Amino acid sequence: MSVKIPIGPIHPMLKEPINFTFYVEGETIVDAEPNIGFVHRGIEKLAENKTWFQNLYLLEKVCGICSSSHQGCYAQGAEKVFEAEVPEKALYIRTLMWELERLHSHLLWLGVIMHEIGFDTLFMYTWRDREAVMDLVEMISGRRVGYSINTIGGVRRDIDYQTLSKALDVASFIATRAEVYEKIVLRERTILDRTDGVGILSKADAIRLNTVGPTARASGVKRDIRYNLPYAIYDETPFDIVIDDGCDVLSRIIVRIREMIISSEIIKWIVFNMPKNGPIAAKITHFTKPPENEAASRVEAPRGELFYYLKSNGSLKPERIKIRTPTLANIVSVIHMVKGHYIADIPPIVAGIDPCISCMDRVAIIDVRNEKKQLFNHDQLLRYSIKWYRKNYRWLREERG
Amino acid sequence: MVSIDELKASLGDLAKEIKTDKSGKAWVFVELDKLKKLLSLLRIDGYDHLSTITGYDDGEKIQLMYHLIKFNDKGSNDINVVTFTDRENSVAPSILDLYPSALVYEREVFDLLGVRFEGHKGLKRLLLPEDVPEDFHPLRKDFKINVEG
Amino acid sequence: MVKGGEGIDMPWGTLLKEALKNLMKKPVTINYPIVDIKVPEGYRGLLDFNISKCLGCGTCARVCPTNAITMIPSDKTRLKKAPRFELAKCVFCGSCVEVCPTKAISFTKNYHTAVLKKEELTINP
Amino acid sequence: MGVISKIKRWAFKRSLWVFHMNTGSCNGCDIEILDVLTPRYDAERFGIKLVGSPRHADVLMVTGPITKKSLERVKRVYEQMPEPKYVVVVGTCGSTGGLFQGSYNTLGSVDKLLPVDAYVIGCPAKPEAIVDAVAKLIEKIEKGGK
Chain A
1 MSVKIPIGPI
11 HPMLKEPINF
21 TFYVEGETIV
31 DAEPNIGFVH
41 RGIEKLAENK
51 TWFQNLYLLE
61 KVCGICSSSH
71 QGCYAQGAEK
81 VFEAEVPEKA
91 LYIRTLMWEL
101 ERLHSHLLWL
111 GVIMHEIGFD
121 TLFMYTWRDR
131 EAVMDLVEMI
141 SGRRVGYSIN
151 TIGGVRRDID
161 YQTLSKALDV
171 ASFIATRAEV
181 YEKIVLRERT
191 ILDRTDGVGI
201 LSKADAIRLN
211 TVGPTARASG
221 VKRDIRYNLP
231 YAIYDETPFD
241 IVIDDGCDVL
251 SRIIVRIREM
261 IISSEIIKWI
271 VFNMPKNGPI
281 AAKITHFTKP
291 PENEAASRVE
301 APRGELFYYL
311 KSNGSLKPER
321 IKIRTPTLAN
331 IVSVIHMVKG
341 HYIADIPPIV
351 AGIDPCISCM
361 DRVAIIDVRN
371 EKKQLFNHDQ
381 LLRYSIKWYR
391 KNYRWLREER
401 G
Chain B
1 MVSIDELKAS
11 LGDLAKEIKT
21 DKSGKAWVFV
31 ELDKLKKLLS
41 LLRIDGYDHL
51 STITGYDDGE
61 KIQLMYHLIK
71 FNDKGSNDIN
81 VVTFTDRENS
91 VAPSILDLYP
101 SALVYEREVF
111 DLLGVRFEGH
121 KGLKRLLLPE
131 DVPEDFHPLR
141 KDFKINVEG
Chain C
1 MVKGGEGIDM
11 PWGTLLKEAL
21 KNLMKKPVTI
31 NYPIVDIKVP
41 EGYRGLLDFN
51 ISKCLGCGTC
61 ARVCPTNAIT
71 MIPSDKTRLK
81 KAPRFELAKC
91 VFCGSCVEVC
101 PTKAISFTKN
111 YHTAVLKKEE
121 LTINP
Chain D
1 MGVISKIKRW
11 AFKRSLWVFH
21 MNTGSCNGCD
31 IEILDVLTPR
41 YDAERFGIKL
51 VGSPRHADVL
61 MVTGPITKKS
71 LERVKRVYEQ
81 MPEPKYVVVV
91 GTCGSTGGLF
101 QGSYNTLGSV
111 DKLLPVDAYV
121 IGCPAKPEAI
131 VDAVAKLIEK
141 IEKGGK
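Chains as they are written, first to last, in our numbering: chain A, 1 to 401; chain B, 1 to 149; chain C, 1 to 125; chain D, 1 to 146.
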């Protein structure tokens, strides 16, 4: 992802600033080479030239979808640098935002992957349901995207009982919807034909390639930073890690749908256990200088492990900030996953890792047998793959059983 | 949480220094020529997840930090391995054979800091366009930008 | 994970039920440009600046992450300086609102930020 | 005013086709643009449609501060669009550089490169504001701008 790749993201579905070169033999892909950096904005250098507090808003813009994860991860690291005590209520509010973000990000992704396989009906349904979450975060933070809720040493806004009860409603609503989606995904022929057995990443490969997040968990790897290296209030929160051993795109869909249900349970737990009153931020201002210090910070963003390294030199501006976004970690797995598959399977496989730089805007396909080069843009590829599946539907079904 | 004594016992005299920070995370300092040996020991020990490679130019040397995790249910460990390379002639051994995911991280460090990884085939820029000058490495401290207005 | 299960060979089975259910509900589409929407309390919209409260201290200009605020000479404040807001650069983070010692800067609920010329949004003291 | 230009303007009024391009934005504005097309806002009511090729588009919607790698592409896309064409910039970073002013890899604002007809400020802009921008653009076309 992003960032630097990290950075970013792109439009998860329509045009992306990422470019892949695929090497094919006939219809089968033998190799792939990603070309990234279309959204490289030099954020790490910029961060060295802004103050610790200004960076809260800069680093939030690494990714607009997981903005709260980035800002929260940075704030968490900066608290280690400042050696600040964070009030408990602030951690609860921060975690609430993280989980709401996971809900809206997974709903968004579910719509995107359905669009990638040409199933726009479900795309419209998920994006409609996502609006419930967006309204709630707007109530809590004052903006739909880019909540800016975190600050170094806590959060910036308190939350009242009305909003908390709304959060309960939203959590139950999304949980019931997630069950409906799971039913649809597991029973619809259209979806099963395009995703079952596509984009295989075995458990051994997932561990070897250091795959992170739901992509790894869909390959049966039980790794979740929330559970393995608990931060904020996750060591007290009861929750299950969703894993599935299907290793294909279908499993990735199922894992994310079930994670939505788990997230809604976490949200309910947070609402019931949130401290009634108390401070929401430590006393650190824009003009507080940190000691010389360094810290590494990790959170589980919707797409997987997000990593920050922060170093201070005792002045108002940080010395070095390093960001590793989950999409960058998963890009090596994508290259592995597409090998041996058909050109028509590219959209669901690439979208399957939930790339924050997501879509492919221009794909070059080179046939190694006759060196013919063909350029596709994303729309043409989508149309091509739907047509191809329509044509080859019967023998494929027999082949895949 | 990893204990210092355990680490010292398993790494022997490979590590130059091992320290913990306030939150209990271990920082292992190592000479450049022993880096690969140390990482392979850690890899055997179960540190199979490379979070990323951080490059940092402190003005005199270039620091390379390898952030590793050993997943072990609730008691997972994370440690940071730190090594230094020369600023003028920045070279470091590639760890692609130990951690295949280093592919993108090494290219990123090469791109932004100009550290050449020996043994990394096809090392080229990851993020910046191909047509920038060869010695353009924005995260070096002598490259300055102006964010005022 | 159970793939298929009952109903798999009934094309459109599950989805058709869902679609029929939605047919009975009223539309979720809001009739936006004709009917104005309600924004929640605490929405971070365009900034409002009250110069009669301003001291001219310049803290807001120092904390702004995007250099959207510049201090220019003015007779109306005690320190003879006043902020000029170029809202086209604003990212609505609220740092200036937070640090202002006299609460001269505040958020409005105005979200109509589409303009034909960037200068339309500048607030001069 | 000739009959043809009258017909052209009438045709434009209710069917602006939009080509959306990310030139280095954080995805925040992009998901809000997409949001405008989904059930809550449903911009297809006004004939606004996202198209997959610049050759079919009337409006280029740019998000982001134009990174060096996307510079050539955005130029090429703009050249491919048929006349008359309009450019709408969504988001603060595309309008003025926003948080990325001074970066070594971004150009800053889109209007250094292309003639811009409307700006939507916000980080990211609210979907209602994006609808507003298109409404203002239609108004401008009706008055005979460009």
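It is worth saying that the hints were derived from the structure and are not from the lab.
Everything numeric in this text was worked out from a predicted model, so none of it was measured.
Be a bit skeptical, because a hint or two may be false.
[Claimed, not checked] Computed spacing ranges between beta-carbons, pair by pair:
#1 F136(B) <-> S172(A): 49 to 55 Å
#2 T28(A) <-> A9(B): 48 to 54 Å
#3 A135(D) <-> G314(A): 47 to 53 Å
#4 K74(B) <-> K283(A): 29 to 35 Å
#5 E130(B) <-> W388(A): 31 to 37 Å
#6 S172(A) <-> P73(C): 33 to 39 Å
#7 E88(B) <-> I386(A): 51 to 57 Å
#8 F143(B) <-> I386(A): 45 to 51 Å
#9 W388(A) <-> A135(D): 38 to 44 Å
#10 E179(A) <-> E118(B): 25 to 31 Å
#11 N146(B) <-> E179(A): 51 to 57 Å
[To be verified] As a list, the in silico DSS-like pairs of lysine-lysine whose alpha-carbon atoms are at most 25 Å apart:
#12 K17(C) <-> K112(D)
#13 K37(B) <-> K317(A)
#14 K36(B) <-> K80(A)
#15 K80(A) <-> K34(B)
#16 K136(D) <-> K80(C)
#17 K103(C) <-> K166(A)
#18 K103(C) <-> K283(A)
#19 K85(D) <-> K109(C)
#20 K85(D) <-> K38(C)
#21 K124(B) <-> K74(B)
[Claimed, not checked] A few chain C residues that face chain D, going by a derived Cβ cut-off under 10 Å, partial list only:
#22 E18
#23 I37
#24 V39
#25 L55
#26 C57
#27 A61
#28 V63
#29 A68
#30 I72
#31 P73
#32 D75
#33 A88
#34 K89
#35 V91
#36 I123
#37 P125
In this text, a Cβ means the ideal position worked out from N, Cα and C, and glycines have one as well.
Hints not upheld, ascending by number: Hints 6, 10, 12, 13, 14, 15, 16, 17, 19, 20, 21, 22, 25, 26, 27, 28, 30, 31, 32, 36, 37 are the ones this structure does not satisfy, whereas the remaining hints hold.
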